[in-house]
Amino acid sequence: VIHELELTVNGTAVRHPVESRLLLVDFLRSEMSLTGTHVGCDTSNCGSCTVLVDGEPVKSCTVLAVQVEGTQVTTIEGLGRPGSLHPVQEGFRQEHGLQCGFCTPGMVMTAVALLSENPDPTDDDVRRALEGNMCRCTGYEMIVRSVRWAAEHPEARGE
Amino acid sequence: MSLVGARVVRKEDPNLLTGRGRFVDDLTLPGMLFAKPVLSTEPHAELAEIDLSAALALPGVHGAYTAQDFSGYPYIPGPEDLQRPVLADGKVQFVGEPVAFVLADDRYIAADAAELVQVRYRRLPAVASVEQALAEGAPVILDGQESNQIHTVPMLDDLERELQASALRASLRLVNNRCAPVPIEPVACLADWTPDGLTVWATFQAPHHLRNTLSRWLDVPQNRCRVIAPDVGGGFGSKIVWYPELFVVPLLSKWHGRPVKSAMTRSEAMLAMSHGRDQIHDLDVGFERDGRINALRMVVTQNLGAWPDVTGVGLPVLTTWMAAGCYAIPKVSVGYRTVVTNTTPVAAYRGAGRPEAAYAIERVVDLVADVSGVDPSEVRFRNFIPPHAFPYRQKTNNAVVYDSGDFPHALETLLELMDYESLKQEREERRADPTRPLMGIGFSTWLEIAGFGPNGSLEAFGHLASWESAHIRIQPDGTAIVWVGSSPHGQGHETVFAQIASDELGMPFDDIVVRHGDTETVLQGMGTFGSRAVPTAGEAVKNVATRIREKAKLIASHLLEASPLDIIAEAGGFHVIGSPGATVSWADVAWASFQPLSLPENLRIGSLEERICQESPNFSYPSGAYGCVVGVDRDTGRVTVERYIVVDDCGKVINPLLAEGQVHGGVAQGIAQALFEEMSYGDDAHPQRATLEEYLVPTAPDIPPFVAGRIETPTPNNSLGAKGIGESGAVGAPPAVVNAVVDALSHLGVRHLDMPLGPERVWRAMQAAQEGT
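Chains as they are written, first to last, in the numbering used here: chain A, 1 to 159; chain B, 1 to 773.
Watch out, some of these pointers could steer you wrong.
[To be verified] Stretch by stretch, here's where chain A covers chain B in the computed footprint (C-beta under 8 Å, at least three residues):
1. 7-13
2. 30-40
3. 126-137
4. 400-412
5. 460-473
6. 526-540
[To be verified] Reference listing, derived: stretches of chain A covered by chain B, where coverage requires no fewer than 3 residues with Cβ under 8 Å from a Cβ of chain B:
7. 5-16
8. 45-57
9. 84-93
10. 110-123
The set of hints was computed from the structure by calculation and includes no laboratory data. Cβ atoms here follow ideal geometry from the backbone N, Cα and C, with glycine treated the same way.
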């Protein structure tokens with residue numbers, strides 16, 4: 001069955017036909033060409049696919065596209081651009097919060113959601129907020145520092 | 001002003017942080033089809049029938065293929081006489097072995113089609129472990145072999161005399177648990193075979209190695225066979241393995257005249273991508289009452305999985321080479337055997353053979369401390385190779401000559417950072433207070449072999465050679481492109497090599513770009529593995545940049561009408577010593593380098609371009625001292641890493657920010673091996689942890705913050721003095737954790753526990769110890 005899906009993606013109103021079974025992550029990657037959101041598992045464990053749906057972090061591999069009808073979806077592409085990076089993006093750059101960069105979009109989106117709820121989290125708060133996101137490169141310490149950097153520089157607009 | 005040694009943020013990051021990274025599965029070509037494997041659900045079975053008809057009848061399906069479709073092609077490259085067919089041919093040997101591929105319009109239809117492939121298996125007895133594989137009457141897995149034991153390298157001397165002559169002796173049998181590397185990006189491959197030639201985008205750590213291999217396998221000349229490793233989402237050794245899709249997908253593209261992509265799901269990857277470790281060590285040590293070790297004997301049993309992998313068969317070689325760690329043990333004897341089982345093939349995983357060695361010797365040293373009653377730190381000091389003894393030829397193998405190090409200094413630095421004396425006091429207080437978790441302190445003074453490698457070392461694994469390449473071209477506007485043969489997957493090559501080039505060229509960092517991972521533009525390269533990028537490619541960049549700078553000085557001297565000997569290159573330009581006004585910029589020199597009328601007579605047009613194939617005289621030997629403090633819950637056995645302190649020695653550090661990141665990531669993987677991760681199989685050889693639901697990759701709350709220290713003993717192998725750091729953390733971390741847990745339980749009489757130290761295992765050990773007393 002084909003549905004006419006209406007939603008807002010990164011601030012732009014979208015109307016697009018989708019199959020019932022199409023996952024949100026595949027809608028974003030294949031139909032919207034927003035390949036910044038990655039797929040690292042098929043069991044909702046890794047969090048690489050995390051996007052914001054009405055501001056809440058959501059694992060887009062675990063949601064059907066039709067479930068986000070009428071919502072505002074924000075992906076990494078909607079966050080900040082080179083020349084005007086979001087403070088969390090700039091924090092990851094300053095504190096080396098990424099290596100291969102595959103898990104990074106999901107990490108960043110989860111961190112953005114954390115800071116919008118709690119602008120001054122402790123290290124432990126950060127670790128707990130990120131517990132649904134796996135990173136195999138960094139050992140997490142520098143991700144924690146990156147999020148703390150963003151908390152300390154809320155007005156930063158990175159290169 | 002030097003950028004080498006400076007904390008420089010990465011050139012890579014703006015793309016990766018804005019969703020503009022380009023990973024293989026992000027790429028789409030017009031008309032692209034999607035290929036998906038059908039994986040064996042049986043560990044050992046004859047393929048009685050594969051019925052493709054239902055899959056082929058599904059709308060949107062373009063084809064379905066089994067081994068017979070590839071009968072005109074060779075087996076996948078592997079150890080001689082032990083090669084694996086591209087698809088299971090007549091029988092399957094592990095759960096996860098591909099038996100068929102389906103090809104469809106997209107991945108959803110391909111998944112439907114794969115479900116519709118009906119495979120009828122005729123079960124054969126299977127072996128899940130080396131014990132089962134070596135038991136009398138065990139089914140022999142590989143055709144043409146007489147048993148499941150593939151290689152046997154016996155000890156040359158059993159050292160019984162030395163062991164018996166020692167005042168004390170002890171034995172230990174260790175299991176080094178099987179781990180899944182789990183790069184967050186699984187294997188993916190996109191092939192486009194056009195009449196003009198073949199292009200393959202692949203998640204691979206060594207694109208030229210793949211190009212050379214594919215070209216031969218597919219009979220396509222190398223000038224029409226291009227491999228690109230774009231952004232690669234981690235590797236850890238699991239992306240230098242010859243997976244069937246790397247061969248199947250190009251052929252499907254050829255046969256259908258359309259681009260074809262495949263991308264493993266995680267659940268496929270957990271079974272079909274290589275695993276690591278999986279060794280059993282039998283260790284014997286003879287020592288004196290003061291903790292001085294006289295003799296060490298090690299026999300390694302390597303589980304190879306169902307098909308011997310080229311790097312897999314090399315693992316016990318490296319383990320036995322590194323058996324004696326950083327200690328001057330008068331007599332060392334090593335041997336090994338390799339065994340096939342009905343499990344996923346075992347290959348390199350971050351450290352590849354060296355973490356296993358470090359774990360063994362560091363557990364042995366703690367055993368010596370325990371039996372002799374000498375403090376574990378003191379046993380280490382008494383046995384260290386002294387700092388004046390380098391180069392030090394280790395007793396394990398003539399190829400092993402340690403380049404440099406200062407093990408006592410590293411351990412002293414660690415003891416100071418962790419405040420060992422007050423920790424010991426806290427341990428006793430907590431032991432005496434039943435309301436508090438037990439506490440344990442563990443050390444690991446580890447050493448590894450890196451910088452692969454001297455001539456001949458990689459050739460043994462099927463590589464073209466062992467050197468690494470760098471190539472620099474100065475553009476007419478005075479900016480530089482650096483191509484390196486070592487292709488990264490997160491290490492930060494674009495930043496680190498630009499730092500080195502910037503210093504050598506005297507050119508601003510921002511004017512330099514580093515390119516890699518494309519066999520059509522990069523001369524030739526070996527890849528990124530074995531902690532080799534900085535010691536090999538870094539040295540290549542440095543030397544090739546020096547050559548260019550010297551030629552640029554000739555042009556500058558010509559333009560300035562000064563002697564080349566009076567020219568210095570710095571801060572983006574060239575100056576005449578002693579006359580501050582006499583300056584030309586890199587842009588002036590670069591522009592002139594393309595103009596015949598502006599050149600000195602002895603330089604050719606466009607000569608600010610150089611390439612080098614950099615050889616290495618020896619391996620490098622990074623080392624370090626790690627300290628771990630754990631808490632053990634008395635009621636549940638749950639282990640918490642309370643503190644983790646690392647002192648590394650990777651020689652010269654190019655970028656401390658990136659070096660720290662490498663160490664953290666490796667230590668996290670090492671802690672994960674020690675506490676959480678194990679790819680386990682039931683007695684029926686079925687995997688028990690086939691998804692990330694069951695296989696416990698740690699997340700942020702599971703890993704402690706790290707305290708990092710550093711000492712620096714430069715290697716004499718290269719002019720940078722850099723040893724490599726990619727694997728250090730994973731090598732050094734596990735024994736510190738296990739030593740700490742055993743220390744926490746030592747008053748109960750616990751002498752050893754095998755990894756991973758999950759709550760159940762620890763709790764059972766505590767219960768058994770308490771019942772025994």
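Status of the hints after comparison with the structure:
1. 7-13: holds (count 4)
2. 30-40: Our answer is that it is violated, as 0 residues pass the Cβ test (under 8 Å) against chain A, missing three.
3. 126-137: Not satisfied, violated; 0 residues make the cut.
4. 400-412: Three-residue rule not met by the region 400-412 of chain B, so violated; n is 0.
5. 460-473: violated (count 0)
6. 526-540: Violated, because only 0 residues of the region 526-540 of chain B bring their Cβ atoms closer than 8 Å to Cβ atoms of chain A.
7. 5-16: violated (count 0)
8. 45-57: holds (count 3)
9. 84-93: Three-residue rule met by the region 84-93 of chain A, so holds; n is 4.
10. 110-123: Violated - the region 110-123 of chain A has 1 residues with a Cβ nearer than 8 Å to chain B, which falls short of three.
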